[in-house]
Amino acid sequence: MALPMEFWGVEVKAGQPLKVVPGEAKILHLSQASLGESKNSKSSDSVPLFVNFDGQKLVLGTLSPDKFPQLAFDLVFEKEFELSHNWKHGSVFFCGYMTVVQEGYPFAQIYILMEFIHQLDILCAWT
Amino acid sequence: MALPMEFWGVEVKAGQPLKVVPGEAKILHLSQASLGESKNSKSSDSVPLFVNFDGQKLVLGTLSPDKFPQLAFDLVFEKEFELSHNWKHGSVFFCGYMTVVQEGYPFAQIYILMEFIHQLDILCAWT
Amino acid sequence: MALPMEFWGVEVKAGQPLKVVPGEAKILHLSQASLGESKNSKSSDSVPLFVNFDGQKLVLGTLSPDKFPQLAFDLVFEKEFELSHNWKHGSVFFCGYMTVVQEGYPFAQIYILMEFIHQLDILCAWT
Amino acid sequence: MALPMEFWGVEVKAGQPLKVVPGEAKILHLSQASLGESKNSKSSDSVPLFVNFDGQKLVLGTLSPDKFPQLAFDLVFEKEFELSHNWKHGSVFFCGYMTVVQEGYPFAQIYILMEFIHQLDILCAWT
Amino acid sequence: MALPMEFWGVEVKAGQPLKVVPGEAKILHLSQASLGESKNSKSSDSVPLFVNFDGQKLVLGTLSPDKFPQLAFDLVFEKEFELSHNWKHGSVFFCGYMTVVQEGYPFAQIYILMEFIHQLDILCAWT
Numbered sequence: 001m002a003l004p005m006e007f008w009g010v011e012v013k014a015g016q017p018l019k020v021v022p023g024e025a026k027i028l029h030l031s032q033a034s035l036g037e038s039k040n041s042k043s044s045d046s047v048p049l050f051v052n053f054d055g056q057k058l059v060l061g062t063l064s065p066d067k068f069p070q071l072a073f074d075l076v077f078e079k080e081f082e083l084s085h086n087w088k089h090g091s092v093f094f095c096g097y098m099t100v101v102q103e104g105y106p107f108a109q110i111y112i113l114m115e116f117i118h119q120l121d122i123l124c125a126w127t
Numbered sequence: 001m002a003l004p005m006e007f008w009g010v011e012v013k014a015g016q017p018l019k020v021v022p023g024e025a026k027i028l029h030l031s032q033a034s035l036g037e038s039k040n041s042k043s044s045d046s047v048p049l050f051v052n053f054d055g056q057k058l059v060l061g062t063l064s065p066d067k068f069p070q071l072a073f074d075l076v077f078e079k080e081f082e083l084s085h086n087w088k089h090g091s092v093f094f095c096g097y098m099t100v101v102q103e104g105y106p107f108a109q110i111y112i113l114m115e116f117i118h119q120l121d122i123l124c125a126w127t
Numbered sequence: 001m002a003l004p005m006e007f008w009g010v011e012v013k014a015g016q017p018l019k020v021v022p023g024e025a026k027i028l029h030l031s032q033a034s035l036g037e038s039k040n041s042k043s044s045d046s047v048p049l050f051v052n053f054d055g056q057k058l059v060l061g062t063l064s065p066d067k068f069p070q071l072a073f074d075l076v077f078e079k080e081f082e083l084s085h086n087w088k089h090g091s092v093f094f095c096g097y098m099t100v101v102q103e104g105y106p107f108a109q110i111y112i113l114m115e116f117i118h119q120l121d122i123l124c125a126w127t
Numbered sequence: 001m002a003l004p005m006e007f008w009g010v011e012v013k014a015g016q017p018l019k020v021v022p023g024e025a026k027i028l029h030l031s032q033a034s035l036g037e038s039k040n041s042k043s044s045d046s047v048p049l050f051v052n053f054d055g056q057k058l059v060l061g062t063l064s065p066d067k068f069p070q071l072a073f074d075l076v077f078e079k080e081f082e083l084s085h086n087w088k089h090g091s092v093f094f095c096g097y098m099t100v101v102q103e104g105y106p107f108a109q110i111y112i113l114m115e116f117i118h119q120l121d122i123l124c125a126w127t
Numbered sequence: 001m002a003l004p005m006e007f008w009g010v011e012v013k014a015g016q017p018l019k020v021v022p023g024e025a026k027i028l029h030l031s032q033a034s035l036g037e038s039k040n041s042k043s044s045d046s047v048p049l050f051v052n053f054d055g056q057k058l059v060l061g062t063l064s065p066d067k068f069p070q071l072a073f074d075l076v077f078e079k080e081f082e083l084s085h086n087w088k089h090g091s092v093f094f095c096g097y098m099t100v101v102q103e104g105y106p107f108a109q110i111y112i113l114m115e116f117i118h119q120l121d122i123l124c125a126w127t
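Chains as they are written, first to last, in full-length UniProt numbering: chain A, 1 to 127; chain B, 1 to 127; chain C, 1 to 127; chain D, 1 to 127; chain E, 1 to 127.
Extracted from the complex, chain A is given alone in its bound form (with noise of 0.2 Å):
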């Protein structure tokens, strides 16, 4: 059985912004970013994080491995958009979850029970 939702995660480097596209009939649930380890950094980094979509760019949040290692979104991407940031000392990591929507749902319902109301003008056109 498909189940309706799927965990998604990935690793975006410094500088290598990363494009995602949602795929058919999907939409990415984008739950949360978080600083990754590292060696180098300076804790009171700030680093801005960023989403290009449809043509626009917006601040998304800042993290600082010091006062913010990590950062909650409630967001969703029913088309491709791009993750970027430019923190020099590691890679920031995206997590959230992939929902497939159900085709149709509720209008298949809908269109089934209209066929079977058809169907029985049928009937009774017949009787």
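Calculated from the structure, these hints are not laboratory results.
Which copy is meant is left open, so a pair is good if it fits within one copy or across any two.
The calculated lysine to aspartate or glutamate pairs, modelled on EDC-like cross-linking and capped at a C-alpha distance of 16 Å, are: (1) 57 with 11; (2) 57 with 37; (3) 26 with 6; (4) 39 with 66; (5) 67 with 45; (6) 88 with 11; (7) 57 with 82; (8) 57 with 80.
Using the hints provided, position chains B, C, D and E relative to the given structure of chain A.
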């Protein structure tokens, strides 16, 4: 296939309140606010965020480059509202997602079933 | 079309407890509290927030201009409650959303199907 | 009409573990814990919170008047559990909400449809 | 009656990665991590948390007795994963809940309706 959720994000500049209209049968879920990058800001700046809704001005929270570079919300707006702030050194980015209210759901289903029962009544009458 | 969720926000002034009644078939989701602006406050103020529900007084959390200017909740209230605080230097803003409990859902559907079966029984009897 | 969600809140006193039984077909959603008011507490107190579930004792988190006066959870309990802490200077307030699991949903609907099909079989047999 | 959600909690000891298998048709929602009690820890310890999923090792976040004794997640795991950390002075507790994916929902309903329509076809043919 139309997806039930879509990413939504805006940049609100200092002194430029932004009016947002979710649109017919849509609900905007406001998930977060984050300070943009700034070279001149004092890290101790205190940046209150305001929402104007239905003639009422409310404080949504207070950001600060040093202590609160971002802020999570769990709010919905079903009609026009206005976001604003007075941070002199940069923009505030608001993100969330738009959901489409499936028209009449679950009432459509019930309506169709009622129609169906009505059809059967007719069927009963004809038999 | 009536939307299933509506923004909700109030200003609670010091020493002026605010009674909230969600209303028939409604549930209020309390999402956050934030300190209003204040010129006289000491940043070290400690502002406990209280809720009175069903004769019980509970602490919802503690705000402070310096350390906790806002606070997120995930609470629901299905009947009358009262919000209060004792911050002498300003208001506390509470926000969230109101949801309408769709009457009888999913029981309405089941009821209608039962009605339908009953109709069919009659149909059976008549045939 | 019975509402699907109800506010839930308790005061847990120091050294007085509190047993909670959600009840038949109910799920308790634990949303938060907050320290009560206290005149004698040192602001540097560290107050671990414990849950006992199914014979297992787990740490839910650690509060402190100075740094963490409250804590958000996203936990559910479908059967008996016990909350406790050892803060000598006051109570800890736990809040959340109770949800009623709609019996048999969506199985009830399917069952009724099956019944319905069975009725139709009888109808077929009779015609 | 089987409930749709069940509390889930584990203790992960230092140097003892814990493999978790949600099980057939189950999804584990990971809600939080918290440091256990410890007498010897330095409050400035930095404790990165790791997850191994599908051959990929990701940083989930970083705890610290002093600054981040707990951490909230909004993650799901639909298949085997492994949690680990290297805190030498105690355990990390992970909590969340298990949800049972209702087999075939909503497809079961649609299937049954289709069956039903098929029955009616037969009925039509017989009348």
